[in-house]
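Engineer: In case you want the letters, here they are:
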Amino acid sequence: MTTSFPWGDIASLRIRSRLVAEGVYAGAHRSARRGSGIEFGGHREYVAGDDLRWLDRRALLRHGRHLVRQFETETDRALRLVVDASASMGYRGSRAPETKLGVASLLAAALARIAVASGDPIGLAYLGGGSARPVALSGGREAFDRLLGSLENAKAEGDAVRDPEMLERSFGVLERAARRGSVVIVLSDLLDLPRDTAEHFSAMAARGRSVVVVQVLAPDEIDLPFDGTVRLRALEGDVVVETDTAVARDAYLAALRGLAAHYETTLMARGARFLRVSTADDPVASVRAIVGAVR
Amino acid sequence: MSFVTIFALGIAAFIALPILAHRLRRRRAEERAFPAAALVPPAPPRARRRAKLEDRALFGVRALAIAALALLGASPLVRCTRLSLSRSSGASMAVAIVIDDSMSMRAKAGNQTRFARAKAAASELLAGTRDGDAVGVVLAGSPPRVALAPTTELDAVSSVISSTTESDRATDLDGAIHLAETLLAALPQVDKRVVVLSDLADGKPDAPALGENAVVPIWAPLAEIRDTKETDCAITSADDTGGRVIVRLVCGKDVSASGRRVEVRAGERVVGSGTATTTTDLSVDVTGVTPGEALTAHLLGGDAIATDDVAPVLVSQSGAIGVVAEAADETAVTGGPPVVEQAFAALRSDLATRPLPAVPDQPGDFHGFFGLVVDDPPGFTPEQRRALSQYLEGGGVMLVALGPRASAAPLGATLQPLLDHATTWSEAKSKGAKPDADAVLLGEATRSLVDLGAAKRTTLSPADVGSVENLVAWSDGAPLVARRVIGRGEAWIVTLPFALDASDLPLRPAFIALLDAFVATTHTHAAPRRADVGATWTLPSGASAAKGPSGAIDLVREGGRAKLSPPVVGAYHVTIDGKDELRVAAPIARETDLRPRALKSQEASSHLGATQAQVDISPYVAVALLLLLFAELALRLRAGQSPGEKMIG
Chain A
1 MTTSFPWGDI ASLRIRSRLV AEGVYAGAHR SARRGSGIEF GGHREYVAGD DLRWLDRRAL
61 LRHGRHLVRQ FETETDRALR LVVDASASMG YRGSRAPETK LGVASLLAAA LARIAVASGD
121 PIGLAYLGGG SARPVALSGG REAFDRLLGS LENAKAEGDA VRDPEMLERS FGVLERAARR
181 GSVVIVLSDL LDLPRDTAEH FSAMAARGRS VVVVQVLAPD EIDLPFDGTV RLRALEGDVV
241 VETDTAVARD AYLAALRGLA AHYETTLMAR GARFLRVSTA DDPVASVRAI VGAVR
Chain B
296 MSFVTIFALG IAAFIALPIL AHRLRRRRAE ERAFPAAALV PPAPPRARRR AKLEDRALFG
356 VRALAIAALA LLGASPLVRC TRLSLSRSSG ASMAVAIVID DSMSMRAKAG NQTRFARAKA
416 AASELLAGTR DGDAVGVVLA GSPPRVALAP TTELDAVSSV ISSTTESDRA TDLDGAIHLA
476 ETLLAALPQV DKRVVVLSDL ADGKPDAPAL GENAVVPIWA PLAEIRDTKE TDCAITSADD
536 TGGRVIVRLV CGKDVSASGR RVEVRAGERV VGSGTATTTT DLSVDVTGVT PGEALTAHLL
596 GGDAIATDDV APVLVSQSGA IGVVAEAADE TAVTGGPPVV EQAFAALRSD LATRPLPAVP
656 DQPGDFHGFF GLVVDDPPGF TPEQRRALSQ YLEGGGVMLV ALGPRASAAP LGATLQPLLD
716 HATTWSEAKS KGAKPDADAV LLGEATRSLV DLGAAKRTTL SPADVGSVEN LVAWSDGAPL
776 VARRVIGRGE AWIVTLPFAL DASDLPLRPA FIALLDAFVA TTHTHAAPRR ADVGATWTLP
836 SGASAAKGPS GAIDLVREGG RAKLSPPVVG AYHVTIDGKD ELRVAAPIAR ETDLRPRALK
896 SQEASSHLGA TQAQVDISPY VAVALLLLLF AELALRLRAG QSPGEKMIG
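Sequences listed follow chains A and B, in order.
Per the numbering used here, the first sequence starts with residue 1, numbered consecutively.
Per the numbering used here, the second sequence starts with residue 296, numbered consecutively.
Next comes chain B alone, as it looks inside the complex (with noise of 0.2 angstroms):
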């Protein structure tokens, strides 16, 4: 602090004056002994008037004023406790400041949330930047996201700051420093720097230190929010098994639920309770539950983040990949089940396997059924087709493997709806499918087709080639592997049957990758009613609205369909052709650990920035003086008295 702060901070002295002043004029009069006091009347009131304060208002508007006075004189080095970025020269610098609003914010930092915390520090950041500063704004909620990219725009990036709000995404650090780092690498200035408000808490203690191998200098403050006292437990889901509800808990590091209470409630009336024990996942019995009526399981006893103690109560859903294959037509006898079902079973995937003896011809009869997969039918009957055209535009998937039965459909027997015409059962033109044709679907594993080996193979219609994409072709063109979206479902079509017969396919790597896929995408048409939080829920092209914990969500559309990703914990319900679907949307375990990842010892020290900034209030001051001003003015003139009449005293 130089001499001309001390001696502006000095002017305040001079409030003292008045007060002084005023002092000395009503102090206690001198005491005396007098033997007479008795006989003496006390002071009139005029006396006394004379000591009191004649206006106060006036006496503060004007203390008020001289103290704006020494403030503005010394405010250009007044100094707040707040962040500030030290700036190593006086050119512009390029920030990306990243907020974190994974569900661990929520806990509690003094009096207010560690996102609030982080917010407001966001802010007084901004408040330091001068013109010509890029700020961006990455939010570290996983997935990572840029709120805003690096712009002069002060203005812009307060409103975005301000916008953001609380998540129960998970917590990707790394990812969004990274994405903060891409943001500034393309900026000019030299100066640049990344700000990371943060709890550090991403589930990932264990990891490397956080800022290592970083590009861009990385400051991390707020040292205050990462209080690793705290703890927390969470309910990641709770199924409806019929009468009895699982609850399944987890919790941070050391922590346990053991011996804290959950109630199953409909509404606000309790229908079952129990007392967690030491294992993760606790059956609460409920009684007088009506019927479709919505529960929501509570894990009572508070913790550190109280979003994720309630969880919508699901009806629990399980689901199977039918599959219509016989294995006596197969030459080559395993002495087991069909092919298919044995690459099946190891995929070890989540769903089930149930073989089927023909293609169901009641549309009820697809219930449970997730996928469905046909090795070369002979033709679909009228009531096959039918139930199938139900079962695909609901959202069904399936899988067809063409072989020569489909192309002996009998009459009256054809493939619709996955395809118009009859196929063809011939020599193969060609040997082996393109190397590089659509690894998307398959990956390395189409390289494995590139010798298949096959004598005949399916060729489709040109009309129906024209109406499905060709995902895996053969090497002269012709559809290996093709999909046909029929309404909210898809049917993936291959020219080959699983018969080992027939072809070496099964016994490609590619036909494990293609089975993957086909599970991946069972998965996606089965709309998994949980998913964690901040997962994209891809959704059919007639979703139409979506209603989340915190009112409308709006869905983004992409490629013909409809994406959300939920932000928060809880039940969405979604409009999907106009029927409603509740899904919920999932705490992740590992935010429940609140403990803070390790930081690289420089990213906290103060070269990068400090907590303390100086401010330039006088504008502020200078506003305060004017009013003040004002303010004296109106005194005067109400009191109908000139100027230096009224003082004190």
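Pulled out of the complex, with its shape left as it was, chain A reads as follows (with noise of 0.2 angstroms):
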């Protein structure tokens, strides 16, 4: 299902992940989200003093004892965000309605949206990002306009080649601050980050975190549609490179692929998920496919 939208300077952030938001609600069942946090646990013989809306009427009909229903309830769901607004982030291309970082800020304030909804706590990080400002992590419609609010001010600024300590910077303190149970979802295009950085988002998914990386490219950076000789240069770094685009395309894809696969192969390795995504894509669709990555 496509969705229609306002994009651009027509409609603001909040709106834009609101209609997200509500998109993904529609093609999801409303009685999933009934019992969010909440997982069945077993039984156990009633003692004195259990509520008894968790007598379970049916084995006691069954097996003539009473047997309450024993739930488990996560402690903290929070959701942390980690959004790349490096330089290469503020990328377009020529296909493409947002730049990635304009995107990966709408994907960002839609999921927020739902986890505010949920009753879940958010919280965001920038890699990069110059003076974008993170959020702490806290609940309700408060920390939903702040972080709106940082996203709608952030700019794609920083370079992760020349400023290696950028990534040190953001997940350092994730690293510490996210509890076990935490969902932590990082949006970036995962170009020009220091090699090891696979590692450093599969070091998250321990001790119980969920970790989904979404990889967010531009349709040019997906495919390298131009024609002819070009002189193609980095937004982050000194990398200037003159190529001549037919004979280049089949290595460059190749390229692209060996860099999602050494991520997914890393991350997968200690349960975290990789999604990759178009900013021509339908956002809906988007969330949906990170929402339904989260375990």
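I should point out that these hints are in silico values taken from the structure, not numbers from a laboratory.
Among the clues, some could well be false.
Stated by the list, open to error - Residues of chain B clear of chain A, computed beta-carbon distances all greater than 12 angstroms: (1) T446; (2) K487; (3) V565; (4) E588; (5) Q711; (6) G873.
Said to hold, decoys possible - Examples of chain B residues toward chain A, derived with CB under 7 angstroms: (7) F329; (8) P330; (9) A332; (10) A333; (11) L334; (12) P336; (13) P337; (14) D576; (15) P844; (16) I848; (17) G854.
Heads up, the beta-carbon is just placed ideally off N, CA and C, and yes, glycines get one too.
Got two chains here, separate frames each, mind docking them using the hints?
Structural biologist: Next up, the structure:
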């Protein structure tokens, strides 16, 4: 299902994220949202004082015993969003409606809205972003408003090539603050990041945290559509490459696949998930895929 | 520049087409921002190769061919910076090119000498001449010489111009221009011109402006070689006076050699040195010199002309005229030396006069005497005759006055080697000399002998008359003054004694003229070992070879005598009768004055010529184009590709 949105300057991130979130709701069963955070954990014998609401009447009729249903409730299902706001995320390409940072912000806002609606606290951190202000973990509408404000003001700045400590500054704090059961969603193009970034992400998946790394790429980055000889200048670092795209396309796509395979392999080894979305994709489908990837 | 020229030159713009096409093909690719650039491999070699120039040689040949084509179209109107003559009409013209080959032209004008620039200018002028033009070449080094009389054979002119060489002669611009005008006078061309290629530094900057009263228009281009900032000093003489070398320095106007160092060298070894002062003569003590070792004097410090800063050192040689006369025999006592000695003193000759008691009878006694004057000798003894023979054979000059004593020579004493027979002292048959006889020797003074008063005179035997050259004759044709050449020397015979009681000859102006001519002859025979460069040396007939600073020099034979005109300063070795003689050609002082002479204003005007000329270079361009086409064909054959397959890019 595809939804049309007033992109860009027409609609605010708040409206667009609400629409995306509602689209996610519409595609899902509402019942599935009941008891969110509560999972069935088995039976045990009734003892005095137990809440009678959890007395299993069917078991009583079947077995003649008083059994109560036992549930496991997550202690913290906080959503921690990590948005890559380095310079490369400012790329839009010729076929995308929005920059990669814009799309990542929209996806982050929609995910935050879903989390807030579920009563879960949300937090926001950046990779790069210069003056972009992270949002501390908190719940409720105010937290969502702060997150929106932060995302709306974020600009694509920072160079991960020249500033290799950028990743450590963001993930060092996050790794210490995220509790067991936290959901960490990273929205990044994964370009120009240090080679051991995948290990950093996978390390987050330890201690019961759910990590989803979403690679956000522009369509031009996915298929290299240029013709003839071009000089390509990276937005981070000093890389300038003059190439004949007809000849170099296959090698580029192979390198891109290799990068994705590296992240996927590394992340899956620790239970994390890897997704790739295009900035030209339907954001509802993208959010739905992300939500579906959260374990 | 006409439209045609502009259009033709516009063809050259087509050179830009292949370059532009290539640049378009190999221009830098459009730069795009692309975050994943690090994953994109760089251009493979195939792509880079496509952007390269495939055949630079072929591209270069074709670009040159287009340029040549453009020049070919515009060549008749291409202007080159070079001298050219302006033609007042379309008819042919007669041109005399005066090339200054004097020493001052050795000075530098830019990166070449003034002479080299003048020579190049002559070639430029010649390139602008047409068929039918008559061109002559005159050299302005003193004495002015006609290198080539005006001719329409321009190849011959070119050959002469290219063969002219620098010299150290003085400058004689007036003479050279006069000579050039004379050469042009007889030519039928209406448009005549004298082109003076000179620095105009003839040492006479205050003389009347050059070109005044000129019959033929004179054009003197090459203003760039008349640089008055250059200065020069020269060594005009260096004489070894026995352990001390006297070096004479001369400099241009308001220029001083003061402070400049002078070295005397034996080969490369410095045997003495000194520093020049304000005086012109510098005395340099020399030590450690082997007798007979050749020395040279060097003026250090450098100036405009280098060749005049070196001079060979000559051993100083003083000369004199020996006089054998007895004043006691004269009845007209003057109270002083004999009349002939007093006459020599009146000449103020540079040669000293030394009285001798008798004619020397030993050859060694003649040493130092350039000339010998004997008044009425009573014959010569055998010893005297032998010594005299050697003296005269070796180049000595003798003036003998024959009188009564000569005619009354004692037994055993004869007048040999001057005369083979005895003379007679007898009554004079005629009075005075022929008024027009041999005016060359005595000039106008001959007329003073017309009424010469002499009661008696000496008469030569007919056999002797036939063996002498009659310089001045009596009115009856008998010799009054005769000359007999003996070996390299000569003897002048006067048939009157110098005593006043015998005749009034000593009182006549012709007598002084006679002695003056005799002194001049002694100078010639004394072989002055140093003379001005360019001056003609008259050598004895026995002279067989000469070698100067620039190698062997051919001797010119005239009237049985050899002549040599040294073109450059320095030492010359002349072989005379198998013996080597050292002579020196010295620089001329006024050549050190590099100030140009004034030039009549119109002689530099542009109506006579221009420094820029329209040159038709199309033949050369056409040949170049043809060669380029051949080159292209060769390149294609080498590449083994069909035409049009290989261009560029």
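Engineer: Now look at each hint and say whether the structure bears it out.
Structural biologist: Verification of the hints:
1. T446: Non-interface label stands for B/T446: nearest chain A Cβ at 70 angstroms, farther than 12 angstroms.
2. K487: Holds, since 72 angstroms exceeds 12 angstroms.
3. V565: holds (69 angstroms)
4. E588: Consistent with the label, B/E588 stays out of reach of chain A, its closest Cβ about 79 angstroms off (over 12 angstroms).
5. Q711: holds (112 angstroms)
6. G873: Given a closest Cβ separation of 89 angstroms, the condition holds.
7. F329: B/F329 check passes; min Cβ-Cβ to chain A is 4 angstroms, inside 7 angstroms.
8. P330: holds (4 angstroms)
9. A332: holds (4 angstroms)
10. A333: holds (5 angstroms)
11. L334: holds (4 angstroms)
12. P336: holds (5 angstroms)
13. P337: holds (5 angstroms)
14. D576: With a closest approach of 81 angstroms, the B/D576 hint is violated.
15. P844: violated (69 angstroms)
16. I848: violated (75 angstroms)
17. G854: Violated, because the Cβ-Cβ distance from B/G854 to chain A comes to roughly 92 angstroms (cut-off 7 angstroms).
Checked against the numbered hints above, the structure violates hints 14, 15, 16 and 17; every other hint is satisfied.
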